[in-house]
Amino acid sequence: MELHDVLNSEQQKVVEHTEGPLLVLAGAGSGKTRCVIFRTAYLIKVKKIKPWNILVVTFTNKAANELKDRLERTFGINSQNLWVGTFHSLCARILRSENEKIPHDANFTIYDQVDQLSVMRKIYKEIDIDKKKFNLKKVLAIISKQKNSLILPKDFFNFNEENFYTETVHKIYTRYQNVLLENNAMDFDDLLMYTVILLHENDKIQRKYEEKFKYVMIDEYQDTNYAQFKLINLVSSKHQNLCVVGDDDQAIYSWRGADIKNILNFEKDYSNVRTIKLEQNYRSPKTILDAANCLIKNNSSRHNKRLWTEIKLKNKPELMKLDNERSEAEEIVKKISKLKQKEDANYNEFVILYRTNAQSRVFENAFTRMRIKYQIIGGVNFYQRKEIKDILAYLKILNNHQDNESLLRIINFPRRGIGKVTIQKIIDFASDNEMTLYQSVLNEDLLKYLGYTAQRIKEFKHKLQKWEKESKKLAISEFVEKLISDLELDEIYDTDDPQDISRFENIKEFVAATEEFSENFKLETGEDPLLNNYLQNISLQTDLDNYNENEESVKLMTMHNAKGLEFDYVFIAGLEDGLLPHSRSIDNERQIEEERRLLYVAITRAKRKVFMSYANMRRTFNTVISTIPSRFLMEFDDDLIRKSDASSFYNIRSSRKKSKKKTTLHIKSESEKYFRIGQKISHAKFGKGVILSVNGKGKNAKLTISFSKGKLKKIIGSFVKTL
DNA sequence: CCACGTTGTGTTTTT
DNA sequence: CACAACGTGG
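According to the numbering used here, the stretch in the first sequence is residues 19 to 741, in order.
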């Protein structure tokens with residue numbers, strides 16, 4: 019292997035420094051993925067390390083598959099026995115194979131956010147929790163945070179203050195964990211937490227893995243949380259051949275518990291750490307890097323490094339100002355179409371990045387109008403779509419009889435006349451007899467408690483038993499087809515409703531995916547793919563894993579999803595305060611810094627050119643908001659950015675000055691006949707003021723008005739005079 | 001006892 | 001807008 023032909027001297031050092039802890043600070047586009055691949059190949063080919071003694075943790079399954087692919091194709095290495103995957107998939111693998119030592123069975127179900135919410139809603143009803151005081155998502159976020167910090171319900175008050183609020187959260191957390199266990203299910207955070215606990219509490223198992231993993235590599239180390247830190251620590255402690263790769267400037271997952279300190283303190287956490295910096299960027303021209311550097315230097319507490327490049331292109335990032343989100347989308351799509359012609363490019367060299375998934379909708383419309391192929395990555399994950407989850411629920415309950423969530427999902431889908439009352443009776447029967455719902459449905463005694471619905475339950479039961487038999491015999495693809503025809507889904511979705519049509523399209527795609535899986539599984543293992551094999555494979559799949567970068571279509575995704583990817587032309591849309599930085603992050607400096615890194619990540623995806631844009635007005639379903647250009651735009655030196663309309667950029671600063679108050683960020687402007695946002699009015703008692711929001715029309719309009727000294731009042735239209 | 005229509009409520013980012 | 005909770009008619 020001639021390393022010096024293909025790697026620069028720093029990259030070579032990374033590859034050849036195999037013994038002891040190694041920290042690689044790799045800037046955007048510095049070839050870190052390349053390094054990881056070569057390093058793995060080097061370990062196997064030159065150092066003669068057995069593939070099963072190597073662990074590589076990647077950020078996505080896609081990256082893992084690419085690594086395996088490259089090893090096989092470029093180096094002829096059989097990567098079957100190499101341990102490569104995401105933290106979650108590796109944990110699932112460990113937990114399933116060590117299942118005697120964990121409280122769950124090996125065929126546990128993995129619950130996604132929809133399942134989590136559904137469990138939570140039931141718990142709220144069961145122990146009578148006020149949804150207004152204890153916001154579901156907020157409580158789930160707290161629970162997630164506990165798990166990422168390895169705090170079990172029993173340890174909760176060692177780390178949390180004791181008050182009415184936390185006591186209730188604790189109660190919910192405790193019950194939540196129990197319900198999941200009863201259902202033989204884990205959420206994503208459980209995968210990490212239970213694996214760490216398993217290794218921590220079982221010396222034998224821990225020794226087995228630390229013995230096994232002689233060499234460990236972690237990509238995107240800046241986005242690891244405490245549980246992941248601990249996990250890595252436990253499996254690499256014996257050999258200490260741990261190589262972590264990351265870039266603190268690209269840390270964008272703190273809201274998921276990721277702790278940037280993991281990378282900042284690596285040199286303190288391990289002894290004799292060798293640190294190598296990769297600062298040469300091979301992706302972007304200087305014009306783009308200058309802008310990116312100018313932006314990121316506004317963040318404090320970073321590893322000191324400076325990214326440079328030899329690529330010289332005159333393409334400065336360009337900034338566009340548009341009237342509203344529709345013209346923003348239109349303009350971007352037009353620009354893409356023009357650029358494609360001019361540069362003779364392929365559509366797959368373009369990407370549109372945005373902060374929130376909701377922003378994709380206007381682009382969809384624009385692309386459809388212009389008849390240009392596009393592909394949205396992310397948003398609602400394919401496997402999370404309602405119609406797919408329905409089918410998956412059948413598969414899950416047949417695979418894991420304890421999965422009450424899935425049973426409840428399908429007990430009356432498709433409609434079989436089993437309603438709320440009957441379902442409640444089954445639940446009561448189950449809890450009286452300490453059974454799962456599945457067992458209850460099969461139980462003869464249950465029928466005594468039911469009226470005329472008993473017959474329907476009987477039919478349901480026979481179907482379940484039939485499917486269960488079939489699922490054990492048939493290959494997964496055949497079984498899914500049988501199931502879909504038994505359920506007569508084609509008839510259910512055979513309507514004129516475009517949504518139903520698209521749902522059935524998705525079901526067909528799902529069937530195709532199971533067929534593909536079946537074929538591959540048989541090729542790889544020589545065995546018949548059964549239900550159980552399939553479920554393990556898909557539960558951790560994401561949209562990103564399946565997307566096809568070669569397809570001739572423009573790609574659309576969030577900035578988070580763009581991490582690790584690169585495109586010739588990058589469009590960054592919605593650069594407005596409230597969107598980027600997002601309104602939920604706007605009053606916290608640490609969070610603002612993360613939003614800044616997000617923009618940094620977005621900019622550094624580009625190989626040829628960056629286009630940024632913002633809209634003056636933006637519609638968010640019901641209301642139109644008048645926006646303010648993102649504060650980040652002001653941080654670029656004037657000569658770094660080309661403004662498509664020079665006067666408008668100049669206006670960024672002045673328009674920001676005018677509206678310093680945060681309240682003006684969320685002004686709702688409706689095209690009302692009588693009152694308008696920003697209109698000056700006077701009130702008999704409160705004096706002069708400015709309208710901040712309008713709800714309703716004319717005399718009956720409910721107005722929010724800012725009077726002198728910033729006092730906000732809600733007033734009915736008939737009480738104010740326009741000036 | 002279930003289906004369906006109406007009202008109400010909440011909206012970052014993801015494994 | 002999208003989906004959950006609620007209330008009424010069949």
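Hints in this document: simulated from the structure, not taken from any laboratory.
Computed from a prediction, not measured in an experiment: that's the story for all the values here.
One should not assume that every hint holds.
Stated by the list, open to error - In silico lysine-lysine, BS3-like type, Cα no more than 30 angstroms apart, as pairs:
no. : residue 1 : residue 2
1   : K279      : K334
2   : K352      : K625
3   : K295      : K65
4   : K323      : K360
5   : K149      : K119
6   : K119      : K226
7   : K80       : K155
8   : K150      : K323
9   : K256      : K304
10  : K391      : K481
11  : K119      : K490
12  : K334      : K661
13  : K226      : K68
14  : K189      : K222
15  : K391      : K353
16  : K304      : K315
17  : K407      : K323
18  : K119      : K295
19  : K360      : K143
20  : K304      : K286
21  : K143      : K68
Unchecked claim - FRET-style restraints, in silico, Cβ to Cβ:
no. : residue 1 : residue 2 : range
22  : Y470      : D546      : 22 to 32 angstroms
23  : N99       : K149      : 42 to 52 angstroms
24  : K68       : K149      : 48 to 58 angstroms
25  : D450      : E506      : 32 to 42 angstroms
26  : R114      : K490      : 13 to 23 angstroms
27  : T374      : K526      : 26 to 36 angstroms
28  : N251      : H600      : 52 to 62 angstroms
29  : D221      : D463      : 30 to 40 angstroms
Glycine included, each C-beta is placed from N, C-alpha and C at the ideal position.
If any of the earlier hints don't hold here, list their numbers in rising order. Hints 1, 4, 5, 8, 9, 10, 14, 17, 18, 19, 20, 21, 22, 28 and 29 not satisfied by this model.
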